[in-house]
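Novice: Numbering (the numbering used here), first residue to last: 1 to 630.
Mixed in with the good hints there might be a few duds.
Said to hold, decoys possible - With a straight-line cut-off of 30 Å between C-alpha atoms, the simulated DSBU-like cross-links for lysine-lysine are: (1) K303 / K277; (2) K538 / K626; (3) K91 / K277; (4) K626 / K132; (5) K538 / K91; (6) K583 / K538; (7) K583 / K548; (8) K548 / K207; (9) K548 / K132; (10) K175 / K72; (11) K538 / K548; (12) K175 / K277; (13) K277 / K72; (14) K72 / K206; (15) K583 / K206; (16) K626 / K204; (17) K206 / K538; (18) K72 / K303; (19) K538 / K204; (20) K132 / K91; (21) K207 / K583; (22) K206 / K91; (23) K583 / K132; (24) K583 / K175; (25) K277 / K206; (26) K132 / K72; (27) K91 / K204.
Claimed, not checked - Label-pair restraints from in silico Cβ distances: (28) D464 / D373: 17 to 27 Å; (29) P546 / P452: 36 to 46 Å; (30) A41 / N99: 45 to 55 Å.
Quick caveat, the hints were computed from the structure, so don't treat them as lab data. All C-beta atoms, glycine included, are put in the ideal place defined by N, C-alpha and C.
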Amino acid sequence: MSKVFVPPLTGVSLSRRRFVQGLAAGGALLGMGLNPGISRAEQLRARMGPQVLSGTRFDLTYSPTPVNFTGKDRFATAIDGSVPAPVLRWKEGETVTLNVTNNLAEDTSIHWHGIILPSSQDGVPNISDGFKGIPPGETFTYRFPLIQNGTYWYHSHSGFQEQTGAYGAIVIDPKEPEPFSYDRDYVVVLSDWSDEDPNAVYAKLKKLSHYYNFRERTVGEAMAEIRDKGWSGFWADRGMWNEMRMSDRDISDVTGYTYTFLMNGVTPADGWLGLFKRGERIKLRFVNAAAMTFFDVRIPGLKMTVVAADGQHVEPVSVDEFRIGVAETYDVLVEPHDDRAYTVFAQAIDRSGYARGTLTPDLSLVAEVPGLDPAPILSHGDMGMAMDHSMHDMGGMSGMEHSQHDMSAKEENKPAMGGMKCGAAMMSGMDNSQHEMGGMAMATKMPMGAGPAGYGSAQPVTHDKVRMGPQVDMLADAVQYRLDDPGIGLRNNGRRVLTYADLFRLGPTDDPREPEREINLHLTGNMSRYMWSMNGIKFADVEPLPLKYGERVRINLINDTMMNHPIHLHGMWSDMETGEPGKIPRKHTVIVQPGAMLSYLVTADAMGGWAYHCHLLYHMPGMFRKVVVS
């Protein structure tokens, strides 16, 4: 089908796009596909997000679907012919049945991200009990009860299919009224699209990890640094980064060089549309369905009240901006009081591009799109490094065989020992002037000692259980809890930015028990070789991580790499320890900053096999574990 120019609507910029057949009853628009026979109403509908399917029985079909987001014809791995896939709207307390048919040439699957269900229905091939994937030409039936409510999402857990369009949002309406009211309800799915085959992307990263990074240091910047630090300071700093074979500009592995950032499947050139009437309260359900991209979200001119994180209600907190990691969801309320348009702006963490939408009372009104913030630069502190590195040969680790530090998979269950400041020092060194829950306020509540439930581990951290070798190129020597840190690129930007320290569960903690034991997992890797692992051991070489049914366990995640990692435990909640034991927020995905530690509690209440991994798609092959509850 040929592309046809359609004159733009008044006040709305439209690009040349492609009409895609096959969505629901007789066809619809993917992103902003255009066709001479498409009405003005259909054009607008295409920019208002994916179709919503509701009920208790669903027939979903995987099929290769033509798309054109960039001016180049490509094929997406689409569910019901749509990218994103249709929004599935369910009701708490009901049981849903989903027949998933595979019309692809390869195996596929669907994982119901954040949904508490039996292992056999979780949809991870060769991990979920009895599930091997859905072969071509076959149909698999998922059936499970809905014991929760909130905003979640679904995606393929086969190969790199998620990168090529296999994702969609889930909304589970509660049995009881929510603790707040609103007049409109929009799902906002953020994602990243590349015209490249994801296998080619991964191959390039394996050969040259910074292939997509075009923001390396310039000669002018080097000269400015010399003037500021002098030659000795300049060479000391550069020497450290060179020893580690890293760049302080490596914020994202894959960037806007190849990615087009989408909001509800619509490119920035067109922009998603959300209508409202002045004075209405609007609920926006943000879902980060990207393969590799963290987004920083704000709506200039509007405060956002965060009311839910990963589908779970939290005490409302008003912010100007929030970072949403890959696989996270946030629900926010906004109240436009003026008859004007507002830009929903989601810039990539590395500032290489953005996704956008428009909230507007009138299609003739448009809003200014803000400029991208300056690209952030990593510091020594961001990497978890002490100021004095004279005793640490970080670069030498990459090529050494540290057999004395070797460990088996079983040793992951042992407590860590070593030299880290925890407890009262967990927020040290941060500028928290913009946050009501500042680090010092939190520090006064943190007891030293055993680390009771809610406060995180009080054990010092060591790296003696990390298997060293060419797969590990650095270890953080000054690890800190950074719950009150908005993260690189967001600190002291003049806006009120959400942090994990702001999240308090709305209602009491479900399981107040003290943890019976602690499990320490180091997030490890070699950036230059693009190798990712946990405790220096890749998934292919490790035994499953055992949990005893019914136990309460603390998991400590220590990030020894230069990347933010979104860690997702399937089947069970991750009760994040923020210093308030009676209000522990529940999450299904937690973001661990570079050089940081994060602790959470898990109640092992789900029998069977479960996936546990970093949700950055190209990290997943190595930074992965199977958890077995028995």
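Novice: Could you run down the list of hints and mark each one as holding or not?
Specialist: Against the structure, the hints come out as follows:
Taking the CA atoms of K303 and K277, the gap is about 17 Å. The hint holds against a cut of 30 Å. Proposed proximity of K538 and K626 is supported: the alpha carbons are some 12 Å apart, at most 30 Å. Taken as a hint, the K91 and K277 pair is honoured in the structure, with Cα atoms around 27 Å apart against an allowance of 30 Å. Taking the CA atoms of K626 and K132, the gap is near 15 Å; set against the 30 Å cutoff, the hint holds.
Between the alpha carbons of K538 and K91 the distance comes to roughly 39 Å, so the proposed pair goes past 30 Å and is violated. Annotation: proposed proximity of K583 to K538 is violated, straight-line Cα distance about 35 Å (limit 30 Å). For the given pair, K583 sits about 25 Å from K548 by alpha-carbon distance, which is consistent with the 30 Å threshold. For a cut-off of 30 Å, the pair hint linking K548 to K207 is broken: about 41 Å separates their Cα positions.
The straight-line distance between the Cα atoms of K548 and K132 is roughly 25 Å, inside the 30 Å bound, and the hint therefore holds. Between K175 and K72, the direct Cα distance comes to roughly 45 Å. Violation of the 30 Å bound is thereby established for this hinted pair. For the suggested pair K538 and K548, the alpha carbons sit about 23 Å apart, so the restraint of at most 30 Å is met. A distance of roughly 27 Å separates the Cα atoms of K175 and K277; the hinted pair therefore holds under the 30 Å criterion.
Between K277 and K72, the direct Cα distance comes to roughly 37 Å. Violation of the 30 Å bound is thereby established for this hinted pair. Straight-line distance between C-alpha atoms of K72 and K206 comes to about 26 Å, which keeps the hinted pair within the 30 Å bound. Note on K583 and K206: the hinted pairing is violated, with a Cα-Cα distance of about 42 Å set against a maximum of 30 Å. Between K626 and K204 the CA atoms are separated by roughly 27 Å; this keeps the pair inside 30 Å, and the hint holds.
A threshold of 30 Å between alpha carbons decides the hint, and for K206 with K538 the separation of about 15 Å falls inside it, so the pair holds. Taking the CA atoms of K72 and K303, the gap is near 38 Å; set against the 30 Å cutoff, the hint is violated. Note on K538 and K204: the hinted pairing holds, with a Cα-Cα distance of about 20 Å set against a maximum of 30 Å. Between K132 and K91, the direct Cα distance comes to roughly 28 Å. Compliance with the 30 Å bound is thereby established for this hinted pair.
Annotation: proposed proximity of K207 to K583 is violated, straight-line Cα distance about 46 Å (limit 30 Å). Among the hinted pairs, K206 with K91 is inconsistent with the structure: their alpha-carbon atoms are about 44 Å apart, more than 30 Å. Distance restraint check for K583 and K132: the Cα-Cα separation of roughly 39 Å exceeds the 30 Å cut-off, and the hinted pair is therefore not satisfied. Straight-line distance between C-alpha atoms of K583 and K175 comes to about 22 Å, which keeps the hinted pair within the 30 Å bound.
Taking the CA atoms of K277 and K206, the gap is near 50 Å; set against the 30 Å cutoff, the hint is violated. Taking the CA atoms of K132 and K72, the gap is near 34 Å; set against the 30 Å cutoff, the hint is violated. For the proposed pair K91 and K204, the alpha carbon gap of about 43 Å is over 30 Å, so the pair is violated. Checking the proposed 17 to 27 Å range against D464 and D373 shows it is violated: the Cβ atoms sit about 40 Å from each other.
Against the hinted window of 36 to 46 Å, the Cβ-Cβ separation of P546 and P452 comes to about 24 Å, which falls outside the hint. Look at A41 against N99: about 31 Å separates their beta carbons, and that is not inside 45 to 55 Å.
Figure legend: structure checked against the earlier numbered hints; hints not met, in rising order: 5, 6, 8, 10, 13, 15, 18, 21, 22, 23, 25, 26, 27, 28, 29 and 30.
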